[in-house]
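K.L.:
Residue numbers (our numbering), protein chains in the order written: chain A, 1 to 252; chain B, 253 to 504; chain C, 505 to 756; chain D, 757 to 1008; chain E, 1009 to 1260; chain F, 1261 to 1512.
If you're looking for bench data, these hints aren't it; they were derived computationally from the structure.
C-beta atoms are modelled at their ideal positions from N, C-alpha and C, and glycine is treated no differently.
Take these hints with a grain of salt, some might be off.
[What the hints assert, rightly or not] For lysine-lysine, the following DSSO-like pairs were computed, each having C-alpha atoms within a straight-line distance of at most 30 Å: (1) A:LYS219 with F:LYS1419; (2) D:LYS975 with E:LYS1167; (3) B:LYS471 with B:LYS483; (4) A:LYS12 with B:LYS483.
[Claimed, not checked] Partial selection, computed: residues in chain A whose CB lies under 7 Å from chain B: (5) ASP38; (6) VAL41; (7) ALA48; (8) GLY54; (9) GLY83; (10) PRO121; (11) THR221; (12) SER224; (13) ARG227; (14) PRO228; (15) THR233; (16) SER234; (17) GLY235; (18) GLU245.
[Stated by the list, open to error] Take a look, some chain E residues computed to stay more than 10 Å from chain C by CB distance: (19) SER1021; (20) ARG1071; (21) ARG1116.
Protein chains: 6
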Amino acid sequence: MRLLILNPNTSKSVTERIAAQARATAAPGTELLLDTSDRGVPYIATRAEATIGGHVALEMLARRQGEFDAAIIAAFGDPGLGGARELFDQPVVGLAEAGILTACMLGRRFAVVSFSSTLEPWYRECVEMHGLSGRLAGIFTLTEPFRDIARVSEEKADKLVALCGSAIREGAADVVVLAGAPLAGLAPVISDRVPVPVVDCVSAAVCQAETLVRLAPRKATVGSFRRPSPKPTSGLDPALMRWMEQRPDVQG
Amino acid sequence: MRLLILNPNTSKSVTERIAAQARATAAPGTELLLDTSDRGVPYIATRAEATIGGHVALEMLARRQGEFDAAIIAAFGDPGLGGARELFDQPVVGLAEAGILTACMLGRRFAVVSFSSTLEPWYRECVEMHGLSGRLAGIFTLTEPFRDIARVSEEKADKLVALCGSAIREGAADVVVLAGAPLAGLAPVISDRVPVPVVDCVSAAVCQAETLVRLAPRKATVGSFRRPSPKPTSGLDPALMRWMEQRPDVQG
Amino acid sequence: MRLLILNPNTSKSVTERIAAQARATAAPGTELLLDTSDRGVPYIATRAEATIGGHVALEMLARRQGEFDAAIIAAFGDPGLGGARELFDQPVVGLAEAGILTACMLGRRFAVVSFSSTLEPWYRECVEMHGLSGRLAGIFTLTEPFRDIARVSEEKADKLVALCGSAIREGAADVVVLAGAPLAGLAPVISDRVPVPVVDCVSAAVCQAETLVRLAPRKATVGSFRRPSPKPTSGLDPALMRWMEQRPDVQG
Amino acid sequence: MRLLILNPNTSKSVTERIAAQARATAAPGTELLLDTSDRGVPYIATRAEATIGGHVALEMLARRQGEFDAAIIAAFGDPGLGGARELFDQPVVGLAEAGILTACMLGRRFAVVSFSSTLEPWYRECVEMHGLSGRLAGIFTLTEPFRDIARVSEEKADKLVALCGSAIREGAADVVVLAGAPLAGLAPVISDRVPVPVVDCVSAAVCQAETLVRLAPRKATVGSFRRPSPKPTSGLDPALMRWMEQRPDVQG
Amino acid sequence: MRLLILNPNTSKSVTERIAAQARATAAPGTELLLDTSDRGVPYIATRAEATIGGHVALEMLARRQGEFDAAIIAAFGDPGLGGARELFDQPVVGLAEAGILTACMLGRRFAVVSFSSTLEPWYRECVEMHGLSGRLAGIFTLTEPFRDIARVSEEKADKLVALCGSAIREGAADVVVLAGAPLAGLAPVISDRVPVPVVDCVSAAVCQAETLVRLAPRKATVGSFRRPSPKPTSGLDPALMRWMEQRPDVQG
Amino acid sequence: MRLLILNPNTSKSVTERIAAQARATAAPGTELLLDTSDRGVPYIATRAEATIGGHVALEMLARRQGEFDAAIIAAFGDPGLGGARELFDQPVVGLAEAGILTACMLGRRFAVVSFSSTLEPWYRECVEMHGLSGRLAGIFTLTEPFRDIARVSEEKADKLVALCGSAIREGAADVVVLAGAPLAGLAPVISDRVPVPVVDCVSAAVCQAETLVRLAPRKATVGSFRRPSPKPTSGLDPALMRWMEQRPDVQG
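With the rest of the complex left out, here is chain A:
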């Protein structure tokens, strides 16, 4: 199967981290397609940036129609996820969604641990959006600046291990989700220094996307996730416009 992993950020270096961890996880026979946004910000961290990133994710998915069996929106707050799930025929999984749902099978209370306090409100609202606040042990973030988004994982590894410890002690976390694409690959590295299970979101998302392809669910044709009726559009990305207008050459 072909999985499209789309990074709605413009940081190719982060895409490379994601790609490395995805390759380490993917099943034999899974082909990975990586895509980095050519517009937006280097790293989404706020509500406004997530709003833009959601639109960008839809554009990226529209452009790649026909090339993949399932897609992963590789930013932790899952920008554009609901719209993508409604608009397109293939299963789409968010990094946060995959991470926290997987974590739910490893314990009762999961903590979200990340590297920047700026991310906290967005991540909190993302957990609320998924209806899982009742199982959230807390969101724990570092508060000091970092040097390079593509290397924050190495730079802050020790501090993140300590923060996982806080999540366990103060939040009674049964499991930790390392949040944010820049932390891809960190979970296996620190696993033996954190005394509860640690979930790598990229690995979780790859497995969950594969799961959805294997289960071969049909696209809804009624209800809230059916494909919207064709509609005139203007001023949007050409591929997205074609898809939304359901022009004959692109209909699914």
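Here the structure of chain A is known, so what remains is to put chains B, C, D, E and F in place on it, guided by the hints.
P.N.:
What follows is chains B, C, D, E and F alone, placed relative to chain A:
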């Protein structure tokens, strides 16, 4: 004061409805600036369209910086609201938010009544996002097609009155919020045929935007709604890029 | 329009604070009627006192029927609000309700900050009653005694600024509601020392009461906020009895 | 032990019903003191009446200080309960509280069944106030008028049996609480016609009040249910004023 | 009446503590039958042990059918409670359920205080199961080891008093539930050193079981707590198998 | 990898259904071990039976220690899941848990559809236990008897398709979870007759168990899912006793 009312849809005819009702409501001394999106869809009705509309709303706000004291995002699901509130210095109010918070002061349980069942999931998730599901008496929508979005209010007035009745009987609604910009102006028209208070979202939003200007709250400089730090951007609307990058000529 | 602002406490000095801030906020053309209870306690702070205050608020509203277009119950826990909204034809707004609903338009999580820990349980139950606990960042109160309820605002200004800081740091509050009529007028004074928006409840209530009058909602004639059917009463305030019995000379 | 059962309504005939069922339930050695309010309404059914009734309940408790070991506020919506629990030293139980907490030990989901749709909003808010909405199977009320509050139990017995059936079928109720003092004594009469347990609120309240006396809990001296500090009062019931002011002759 | 108090643990010494406190509480005329499990663990403290204990409780109840009017499952997490309530005709009460529901009548927020941090997750999930998390002030446990489960009450009395203080200060607890059968009898001993009401679970359970017998609720014959239809079984306790298969000699 | 799929029921015919669907789903290289309980009931359907089944599941897992990499408890209500996750070192997944978490990635609101109304309360409490009631569109069950648990899937296929339709129309379900091991294999058969995605629980559980093995999470050594300390036991299954006592020959 100057209120910017932005319609993130491309339907100028809907903007005119909004404008008429806003003018009927606005206080003496309130100047109204109306703006219709030049890209997107004629009428946002799905999660995907709301995702796009959220981005569009941010663009429109960025372009008009310096011209207004508060803004209204005039689409019921409040696309882009959180991001707008964080990114810009002026108060920003959503049509749904203003309608349902106002309704909370007129009863215990509010119903959302609208003209298309397609809108239901988006509206439901909007009420959840605002944390007010506990007071929601239900979302009641017509299920049959309509002819013209700009005239749906007149076309369906009788059926909407009947639907308000259902919301009261079946949902035990204490108050009804007429949802969606195309219904602007309908509340006063049908008020004497609905035996509980009916809220016009545009009128509510105008009053609430005026309220926020009158209270003169400061812009947060810490926490989750502080203006995000400057960040490199690419490929976005020029005004939005300038604002996000905080280039000297545009800093607030 | 005429707004009745009723203080269900017996402290005329607090009513004067309320009046000053209300006058500073009210729109041109809004006439303010101030009323101080002639029975009860100087300052409601407990559940028992709020129970009494709720009854007192109904009496005060009954006595002033015909004189006002909307009313404000000017005690933060909103004593008697539900009953008042049901019993009388004019819109009625509570100080807490107006403050927290307004705060919801200025951020995601609001903190309630006040001057006495005695108030904390009542305020907490008030937020629960309004169904907004999911957005509450916490209730933060001073714990030391104060000298004079009418001057607590000046006496404790510095400490309240510090407490707002705690609410922001420890509660991740996006906005602060200064709670309690004795703090009327403090928000604008300390606004530049608190790095998030601060809401003055009296100002919020005046604007919200004006909003409700401007929207001209009808009185419910069915459902849970319709006026109760006439009923025999005994031993109550004469005006309230007349109103509840719907004697011909007083029917609305 | 001596239990004070206070009816905050003015209907002596209802008090007699309560008394009969209480006597049938009370343990040997329990002395029952019955008290009917001399002011208010014949039967509380709305928020406004409950507000008044809450105050009345406090007055009645203040007047009888020294005469009882525990008290029951014998109106289903528990008017004045929180204030009473805070103000006085003896345990105080509400009719609704006792009924629904007892029902929780007889099944997972309880229905509230009563004789008048007017009562529904008050009862719903009462269940919310107790934090037990998550276990509520629904509130089911008759919708037609009744002749005599003191005989509604006999008049509507058959219809209430049918309504219990609806609660079981439509609400998946595991247990039914017959709500309202006028239904005292009905549960044992209809028990063999309702296929799940039926709780009589007066019986439940008598048992729960006895339980609290037997457990001999101390009065809180700190926290939210400590007795409030003495405070000047004016214009209230003399006994209540003495108690709130903690004048030497009445201190507990 | 005859109350069966069953200890699903194998510690006879704990059963003796329970028995002593139950005898001190029981009404005249209540006969107590005590039963200690002959299999399982000395003291249930984890989810796995509670799972086993739930099964054991059902076995014990099946073996004693015909001997009792109501039963108490005397372990704080209420193992097997739902199944017992469904399977058997007599009322069954859990120690936690009785303790926390009783506590709800003594304040708004109850804390659970116990002697071992191992118990915390089980107790938390028990409160969630009962739908009362909204009233939980927190679960507070000692963290250090104890010597003898049957004497932990005496050994840790001072530390538990201090922990009650933490629950009040940090959790704003209005009432404390001393959790776990080994703490039976401690509440009256420390009551004057804890400034809010303290609930003894065994005493609460005895009173509540008596209450249920006195109310004489019928066994459900429809719905979720009706006795399950007869079913073939294999490999279980003979008495339990007979009961589940509803063999003629044992039908209720 | 080796997956143990344990059926805590005694119906070998149901195990065969499970096995067939699991084999159809499992990845190449996944070895399936099937195990049917030798004690209990043919098909768990009530709380009491689930309590017994939870204990049985722990016994089965203890006996097979050393033989598998992850386990699936193949009964929809997930009997014994929490205890198993805590007691053993390998990942353990429940059928309900896997089904509903997977469904969460295919829509916003999931319905649970099953063949017997007896199952409804158990399933509802299971969804509550997992903290996902906020996303539940309802539990929809057939109400008429079935002939053979091993053939109910074929016997009721048409009626279950119709019931899925009800779940979509009345519950606004975005996705349907076919609940209960006897329905294993039905989802792909009826998929083209149900207009939203349908989840097969056995397939979902196989994929999720594989996911957990691939992610290689460590066993918690602190917190609520650490392996409990060794403890004396008596009267239990020998393998379970050895494991709980951590005798040298069996330590993990």
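K.L.:
Hints first: check each against the structure and report whether it holds.
P.N.:
Hint by hint, here is what the structure shows:
1. A:LYS219 with F:LYS1419: Given pair A:LYS219, F:LYS1419 holds - Cα atoms ~22 Å apart, limit 30 Å.
2. D:LYS975 with E:LYS1167: Given that 30 Å is the threshold and the Cα spacing comes to 22 Å, the pair holds.
3. B:LYS471 with B:LYS483: holds, 19 Å
4. A:LYS12 with B:LYS483: holds, 16 Å
5. ASP38: holds, 6 Å
6. VAL41: Since the shortest Cβ distance to chain B is 5 Å, the answer is holds.
7. ALA48: holds, 3 Å
8. GLY54: Where the cut-off is 7 Å and the nearest Cβ of chain B is about 4 Å from A:GLY54, the hint holds.
9. GLY83: Hint holds; A:GLY83 Cβ to chain B Cβ min 3 Å, cut 7 Å.
10. PRO121: Holds: closest Cβ of chain B sits about 4 Å from A:PRO121, inside 7 Å.
11. THR221: Nearest chain B Cβ about 14 Å off; hint violated.
12. SER224: holds, 4 Å
13. ARG227: violated, 9 Å
14. PRO228: This interface hint holds because 5 Å falls under the 7 Å limit.
15. THR233: Hint holds; A:THR233 Cβ to chain B Cβ min 5 Å, cut 7 Å.
16. SER234: Hint holds; A:SER234 Cβ to chain B Cβ min 5 Å, cut 7 Å.
17. GLY235: This interface hint holds because 2 Å falls under the 7 Å limit.
18. GLU245: Because about 10 Å separates A:GLU245 from the closest Cβ in chain B, which is outside the 7 Å limit, the hint is violated.
19. SER1021: Non-interface label stands for E:SER1021: nearest chain C Cβ at 41 Å, farther than 10 Å.
20. ARG1071: The assertion about E:ARG1071 holds, with a minimum of 45 Å to chain C.
21. ARG1116: It is violated; E:ARG1116 is separated from chain C by about 7 Å at its closest Cβ, not greater than 10 Å.
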